[in-house]
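Protein chains: 2
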Amino acid sequence: MSGERLIYLPLGGAGEIGMNAYVYGYGKPGQERLILVDLGVTFPDMDTTPGVDLIMPDISWLEERKDRLEAIFVTHAHEDHVGAVGHLYDRLRTPIYARKFTAAIARHKLDEHGAPESALVEVQAWPQQLEFGPFKIGFLPISHSIPESSGLCIDTPAGRVLHTGDFKIDASPVVGEAFDRGLWEEVSKPGVKALICDSTNVFSPEPGRSEATLQPALEEMMSKSTGLVVATTFASNVARLKTLAIAAQRSGRTICLLGRAMRRMVETATETGLLTGFPKTVGPEEATGIPRDNLMLLVTGSQGERRAASAQLAQNGYLGLKLQEGDTFLFSSRTIPGNERGVIKIMNQLSEKGVDILDDEGGRYHVSGHANRPDLQMMHFITRPQMLVPMHGEHRHLREHAKLGEAGGLTSMVAVNGMMIDLSGNRPTVAEYIETGRSYLDGSVMIGAMDGVVRDRIRMALNGHLTITLIIDENDEALGDPWVEVMGLPETGRSKKPLVEVVEADLAKVMARAKKSLLRDEEGLDKELRNAARRTAQSEVGRKPEVEVIVSRLN
Amino acid sequence: MSGERLIYLPLGGAGEIGMNAYVYGYGKPGQERLILVDLGVTFPDMDTTPGVDLIMPDISWLEERKDRLEAIFVTHAHEDHVGAVGHLYDRLRTPIYARKFTAAIARHKLDEHGAPESALVEVQAWPQQLEFGPFKIGFLPISHSIPESSGLCIDTPAGRVLHTGDFKIDASPVVGEAFDRGLWEEVSKPGVKALICDSTNVFSPEPGRSEATLQPALEEMMSKSTGLVVATTFASNVARLKTLAIAAQRSGRTICLLGRAMRRMVETATETGLLTGFPKTVGPEEATGIPRDNLMLLVTGSQGERRAASAQLAQNGYLGLKLQEGDTFLFSSRTIPGNERGVIKIMNQLSEKGVDILDDEGGRYHVSGHANRPDLQMMHFITRPQMLVPMHGEHRHLREHAKLGEAGGLTSMVAVNGMMIDLSGNRPTVAEYIETGRSYLDGSVMIGAMDGVVRDRIRMALNGHLTITLIIDENDEALGDPWVEVMGLPETGRSKKPLVEVVEADLAKVMARAKKSLLRDEEGLDKELRNAARRTAQSEVGRKPEVEVIVSRLN
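Protein sequences, first through last, are from chains A and C. Per UniProt numbering, the very first residue in the first sequence carries number 1; after that it's consecutive. Per UniProt numbering, the very first residue in the second sequence carries number 1; after that it's consecutive.
No lab work stands behind these hints: they were computed from the structure. Since the model is a prediction, treat every value here as computed from it, not as a measurement. Each residue gets a CB set at the ideal place from its N, CA and C atoms; glycine is no exception. Wrong hints could be hidden among the right ones.
[Stated by the list, open to error] No farther apart than 25 Å at their CA atoms in a straight line, the calculated lysine-lysine pairs in the BS3-like style are these:
(1) LYS353(A) x LYS403(C)
(2) LYS322(A) x LYS403(C)
(3) LYS224(A) x LYS280(C)
(4) LYS224(C) x LYS280(C)
(5) LYS345(A) x LYS345(C)
[Stated by the list, open to error] Below, a sample of chain A positions facing chain C; criterion: calculated Cβ distance under 10 Å:
(6) PRO337
(7) LEU518
(8) GLU522
[Claimed, not checked] Ranges of calculated distance between the beta carbons of each label pair, as one might list FRET restraints:
(9) ASP473(C) x GLU491(A): 27 to 37 Å
(10) SER539(C) x GLU325(A): 45 to 55 Å
(11) GLY338(A) x GLU122(C): 20 to 30 Å
(12) GLY363(C) x SER368(A): 46 to 56 Å
(13) PRO498(A) x PRO279(C): 18 to 28 Å
(14) GLU352(A) x GLY425(C): 20 to 30 Å
(15) ASN555(A) x ARG494(C): 31 to 41 Å
(16) HIS113(A) x LYS322(C): 26 to 36 Å
(17) GLY191(C) x ARG494(A): 37 to 47 Å
This is chain A alone, in the form it adopts within the complex (with noise of 0.2 Å):
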């Protein structure tokens, strides 16, 4: 063993939420052994990456030494831990495992990139154990708010690595594996090394509250309700669709799934032997013929998703279901920050049409799906490993985590993306700084964060675009005056006149006073157009636009 180390490099997630990728490593230092944990997308925004339509980790790293590589695994099928398996498996080329449920949603994805059936391994839950190289590696069931997560056991000649994946302690989930605290002991036992675990709720003081605890607040509120009740929530929550679905039967009223990733879920874990006892739904157009206070919706779009049932439902409607005063709408779920003026903007249209809206307000319709404050110091206590890690966070959920851990004894360090971790010794110390980033799926392109393509967009669109064409003839004399075309920018400004001419004029006026030499000197001409043509733009509508100058050369 001598001369090797254990490493953790979170090459996504650390630092961020979402698009988790974790890589550990046993060997001689720059010869390790590899394994990846979770491959998750994150999502774009209007601020920083406009247009773009996923975001995933660079894996530029792993992808130069994939020789190295020995198997990926995924936790849990949410998005952020699995949505970027079907992108990203060609540059990889090695197999996933997941369990039965998780393994249904990456085939999915992974179909969608025309990868061989090799591509995915389905796997048993502890107490199986696969073999890579120097690594043991067993998935232990843990309660989280989609079936089937799971954490990691890996054992590796360095000691045992526990990784959490995404959890809370639920001990009635509703669907799927309630915590196992047994489970969890178990395999502590002989001693951890190291905990990696979830961070994202170490702000909230309270510990967690079980799925099931929502189920008389649902029942009671659907019962009350004398118009239609629509109920929103995260697809992959098949728990919470179950609870909204019985205390929808139990009050009544029959159920239609609404929007593509509901219907497939229901399916997907139907399939998967996951969930059962699911009442029969009916199709949209069956729905329409059910008095209102006989129905209940289960939708999709409680980010406020622009495309989603929600946000169709709140316009004109969708598949021909309407709401009307009287109605309520339910956000079974918490607006992910960011995503709060969108799901505002649905809620005033509903309010328009006299929809009345329940939302998490109070944790009455909605409980979180990941371990609170003392829920985490609970796994510490179970866990008692040598070092904690704190991963799937921002800093300063990473920072907080970590300070937690060391006020109850334990050695910690505080890891992002692109650092890698020596976990060999008695504390976790930096091994090595790694270049790391942002991939952009943009139209059906990848892009790197850093190309520039979306730094223009984001110029375009806080400056607006001005074009100048000019043509040269052979002579090298300009064959009339530059030529002025603008998108997204006033029509008229200062002085009243239209920009495109007043910027027209003072480049005729440019043009008038240069120099032969200037009209050879592409550069050059180019430079003092763009100028000139900003500096008018500025004085006339306060604002430089970016420039295209395009000059044609008859010779």
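Fit chain C to the known structure of chain A by using the hints.
Relative to the frame of chain A, chain C by itself:
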């Protein structure tokens, strides 16, 4: 009085939080004499208004009737109530009436726009009443999160209207006037025709807490902190500034104000005599010489604004002051929905520096400036109006407030921007729908929300931009092939060749196929090239860019 009516017309603030502007009128239909209450702004965001500097109500309706506009009243100095007076004064040229502190803030804005001295008149509070045509107006002091906030008592031949302005019920507001229940009972005694009432906090179930309740917790926190303490809040919350400063002083800390708005607000509040007993402050240079645990910085940027002191401190420091491990940063504020991303970004930057972050969570360090649900009920009870018209809120707030009023036996109605309401009868009725909207300050130019300028910017941000240039000679023949430039698009796509070249090759084919008649047909040629470019881009990179076609004709 026969044939005359009392009308209420919100031009902004009803159906949104921001840009308050409420018109009242009295007289024969179409000949009402008018007053305007408040003239505020709202702030742009990247999702819907990229590049825009400020948003204000479209006052075209009022401008066309300015000969009937008697006066403008400003209830308090928050930007969403006073922010547009400078920008819009020139279009209305009607005097603005405000109490001393509000007037001082408004004066500054008017001066920036060169408005005359006569544009602003400072008034006394109740019992002073001002007569304008059929109206008699008095300013009723009311507690809020800025000094000298006022409701308005508007007497008309049809009865007395009480316009609350923004308010909370605070018996110990630290700075400014406490809520004077006796006064509001007194003005209500003759009978209140209509209560036009703040609605923002109608979903907050607990009675609001007084500003004074924060002092002990803040003092304890500052005494316990061992490093530098930084506190941020809205600069206009003068009471909070004082509470924070006193807490600092008592815990042995010298105060340094950072950010222009912060310094100006303390200055204005002191000059107008509202702020007394504020501890001596030091400038940033002197502050750098003070031990960290004897210093508190009071800074701007509680909403994550990019260039404010908070953001700069979270990055490289501000005016020589830098944060470090062990310092504490307090957000004594609530994050306004939509600003979460900016605030969270700062929190994580602070975390990276090892700075401990405290926020509003739990209300320990922040109380709201608005009346909560039970406080609204108290206001209904005190004023016992014939009718309640909720204002200042999104649709969901207005609707909930109207329901709250009705549950308490009041006649109510949801009136949103552009709805002219007749208050003359026993219940409010819709008199007319007015076309309203938003105007954007964009750079130095005012543009309409529907002008298409912002729409084009959003499209460029989402789709990228592509320019096609083509020269057609005197004989209507193309001089060379079309030339393509792109901005905000990936360099290469499906074929791995440069996107620009692929599009140019396809456009060359279009030209080769084109009949001479097409080359003469300006519109037809434009359309043909545009569509071809969009088609090719879609197949190469999966998106259809915004296209500008520039055909230069040499004839």
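So, going through the hints one by one against the coordinates:
no.	hint	in the structure
1	LYS353(A) x LYS403(C)	14 Å, holds
2	LYS322(A) x LYS403(C)	23 Å, holds
3	LYS224(A) x LYS280(C)	59 Å, violated
4	LYS224(C) x LYS280(C)	22 Å, holds
5	LYS345(A) x LYS345(C)	24 Å, holds
6	PRO337	4 Å, holds
7	LEU518	20 Å, violated
8	GLU522	14 Å, violated
9	ASP473(C) x GLU491(A): 27 to 37 Å	31 Å, holds
10	SER539(C) x GLU325(A): 45 to 55 Å	47 Å, holds
11	GLY338(A) x GLU122(C): 20 to 30 Å	43 Å, violated
12	GLY363(C) x SER368(A): 46 to 56 Å	20 Å, violated
13	PRO498(A) x PRO279(C): 18 to 28 Å	56 Å, violated
14	GLU352(A) x GLY425(C): 20 to 30 Å	25 Å, holds
15	ASN555(A) x ARG494(C): 31 to 41 Å	35 Å, holds
16	HIS113(A) x LYS322(C): 26 to 36 Å	48 Å, violated
17	GLY191(C) x ARG494(A): 37 to 47 Å	53 Å, violated
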